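Protein chains in written order, with our numbering: chain A, 16 to 306; chain Y, 52 to 363.
If you're looking for bench data, these hints aren't it; they were derived computationally from the structure. Just so you know, these numbers come straight off a predicted model, no measurement behind them. Glycine is no exception: its CB is placed at the ideal position from the N, C-alpha and C atoms. Heads up, some of the hints might be wrong.
Claimed, not checked - Computed beta-carbon distance windows for the label pairs: (1) A:Ala36 <-> Y:Pro111: 56 to 62 Å; (2) Y:Gly126 <-> A:Val25: 41 to 47 Å; (3) Y:Phe94 <-> A:Phe82: 35 to 41 Å; (4) Y:Thr134 <-> A:Pro56: 46 to 52 Å; (5) Y:Thr134 <-> A:Asn63: 40 to 46 Å; (6) A:Ala36 <-> Y:Leu68: 42 to 48 Å; (7) Y:Leu53 <-> A:Gly124: 24 to 30 Å.
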Amino acid sequence: MSVARDSRLVSALSQNRLAIAGAAIMLMLVVVGLTGPWLAPYDPLAQNLARGLEGPSRDHWFGTDSFGRDILSRVLYGARISLLVGVASQTIAFTLGVFLGVISGYYGGRIEGLIMRLADVTLAFPTLLLLIAITAAFQPGLGVVFVAIGVVGWAGLARLVRSQALVVRELDFVQAARALGMSDARLITRHVLPNCIAPAIIAVTLGMASAIMLEAALSFIGLGAQPPTPSWGSMIADGRDFLRTAPWISIFPGLAIGAVVLGFNLFGDGLRDAMDPRLQGGARAPLPRTE
Amino acid sequence: MLQYTLRRVVHTIPVLLGVLIVTFMLLYIAPGDPVLAMVGERFDQATIDRLRAELHLDEPVWSQFYHYVAGLIRGDWGTSYITGQPVLDGIMDHFPKTLYLASVAMAFAILSGVLIGVVSAVKQSTWLDGLGMTVALVGISFPVYWVGLILILVVSVSWRLLPPSGFGGGALPYLILPALTLGMRSTAYIARLTRSSMLEVIRLDYIRTARAKGLGETRVIGKHALKAALIPVVTAIGLDFGAYLSGSVLTESIFAWPGIGRFALNAILKRDLPVIQGTVLFLAIVFVLVNLAVDLLYGYLDPRVRYERGAR
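All chains, full assembly: derive it from the sequences and hints.
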């Protein structure tokens with residue numbers, strides 16, 4: 016992307032109030048994720064059975080769960096897990112996707128055929144289903160979830176990067192560098208990679224929302240975070256048995272997930288509008304599906 | 052069209068083979084001995100050795116894979132560790148209920164999603180558009196299982212209008228909440244897609260011509276514009292089917308709907324690996340075949356696709 020296009024993009028984004036709101040929510044997730052333990056009024060794991068199932072009050076803004084744990088503190092702490100799952104899984108997906116995408120786009124031929132068929136197989140499974148299968152086969156836990164979401168997420172990115180690499184490798188300056196005898200490794204790292212990476216960075220940033228949703232879903236069905244770790248998904252599951260008497264146990268972590276994903280979606284919408292001049296005036300390309 | 056169909060069908064074969072390898076590997080790499088999981092506490096070495104030979108576990112991995120695929124073709128999808136019942140029987144028992152729920156959810160999603168999308172596009176930049184797109188954005192952002200729980204809390208617990216869970220022989224009152232929940236994300240998705248597709252179409256020349264001819268607005272939008280705008284929506288609806296299949300695990304668990312999702316989830320909770328493996332394989336095959344059907348339908352609806360994909 017050229018500098019001129021970058022600055023046009025930033026100026027288009029900065030005029031979109033919804034995109035700014037989305038960016039603010041994303042920033043808030045980062046801040047709360049990093050500082051949650053200091054912001055939390057109570058220890059998120061500390062039990063106080065005498066004060067179990069209390070509704071929202073001045074002492075406990077979001078109420079308490081059946082063990083008397085403070086929901087607000089657990090929601091704040093849960094932001095850290097969501098941030099971590101987003102960053103860890105997308106780092107894995109990014110590394111795998113960019114590496115395999117560039118290799119297949121640059122070299123073409125059999126390597127490309129093999130990598131793209133692998134991508135087809137990965138994309139042949141509904142994402143959540145494949146994740147359920149992988150995490151169920153191993154011992155459930157957050158570590159498996161981080162890796163599984165990352166490993167499953169490579170395919171879409173590899174396709175994206177490959178299509179960019181296919182274009183870049185034919186550009187005059189790349190051809191010229193090759194004619195001058197530059198090695199493949201150097202050509203890829205110096206010229207092809209830097210010119211394919213911007214869309215991949217945008218894709219993994221927006222992919223964090225999907226990763227957060229998937230982790231929450233896996234934790235909800237008991238395959239992600241294990242008790243007493245306060246993941247938003249497992250907190251919603253904790254509240255299921257108390258839906259009639261203490262609905263706040265499930266309501267607040269659900270609102271947290273919704274708010275964060277909404278932030279990413281608003282920013283993603285703004286980014287797409289800014290990048291595609293055809294859409295200016297309000298038409299919006301749909302977001303990719305998250306489970 | 053025939054050439055395109057053949058090419059798409061042939062393209063599906065390596066994908067299906069890959070799906071088989073992945074599901075086979077699940078059981079192969081899972082920690083724990085499958086024979087011990089089957090016999091439980093009561094076992095003697097002779098039984099273990101016999102079972103190991105019966106299941107071909109003492110053979111090399113490629114041979115095990117061969118027996119796995121041969122078994123699948125014969126209709127032997129393995130046996131549940133917990134109930135001892137054939138996995139395929141369980142799948143066939145539960146899948147129709149999921150299909151029933153998914154069909155109703157999809158019908159709801161298409162009707163409401165297209166309606167919201169069209170109204171938003173026609174009334175672009177008015178409060179109606181704002182409302183429609185806010186609802187769609189919220190629908191995409193909140194987790195389905197959470198929305199399901201909120202629906203139970205409001206509609207069943209507070210208002211006492213509908214039963215909170217169960218199958219009820221498939222009666223309508225039991226169907227409404229799970230179908231709404233399962234269809235919610237698709238509604239939002241279809242609404243956004245219909246709106247953007249519609250906005251592109253209503254700026255095209257032939258729509259201007261239709262208006263210039265003096266056709267009524269309802270006819271211009273309802274007949275001419277909608278027909279073209281729905282082509283990408285049709286594909287999205289088909290591809291969304293995969294989301295229904297995996298979404299059913301979450302929705303069925305909340306509403307105690309006895310479909311394949313809940314069948315899989317119960318197996319997950321008990322680490323009943325053959326059932327997990329079988330349901331994942333079954334749903335993945337359905338997903339691949341639906342994608343194939345959608346691709347063929349898309350090629351039929353929009354001839355450009357046949358040539359573009361043929362040129363690759």
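Evaluation of the provided hints:
1. Between Ala36 (chain A) and Pro111 (chain Y) the C-beta distance comes to about 58 Å, which sits within the given range of 56 to 62 Å.
2. Taking 41 to 47 Å as the suggested C-beta distance range, the pair Gly126 (chain Y) and Val25 (chain A) does not conform, at roughly 60 Å.
3. Take Phe94 (chain Y) and Phe82 (chain A): their Cβ atoms lie about 39 Å apart, and the range 35 to 41 Å holds.
4. In this structure the hint that Thr134 (chain Y) and Pro56 (chain A) lie 46 to 52 Å apart at CB holds, the actual value being about 48 Å.
5. The given range of 40 to 46 Å is respected by Thr134 (chain Y) and Asn63 (chain A), whose C-beta atoms sit roughly 42 Å from each other.
6. As the Cβ distance of Ala36 (chain A) to Leu68 (chain Y) is approximately 47 Å, the hint placing it in 42 to 48 Å holds.
7. A C-beta distance of roughly 29 Å is found between Leu53 (chain Y) and Gly124 (chain A), which places it inside the suggested range of 24 to 30 Å.
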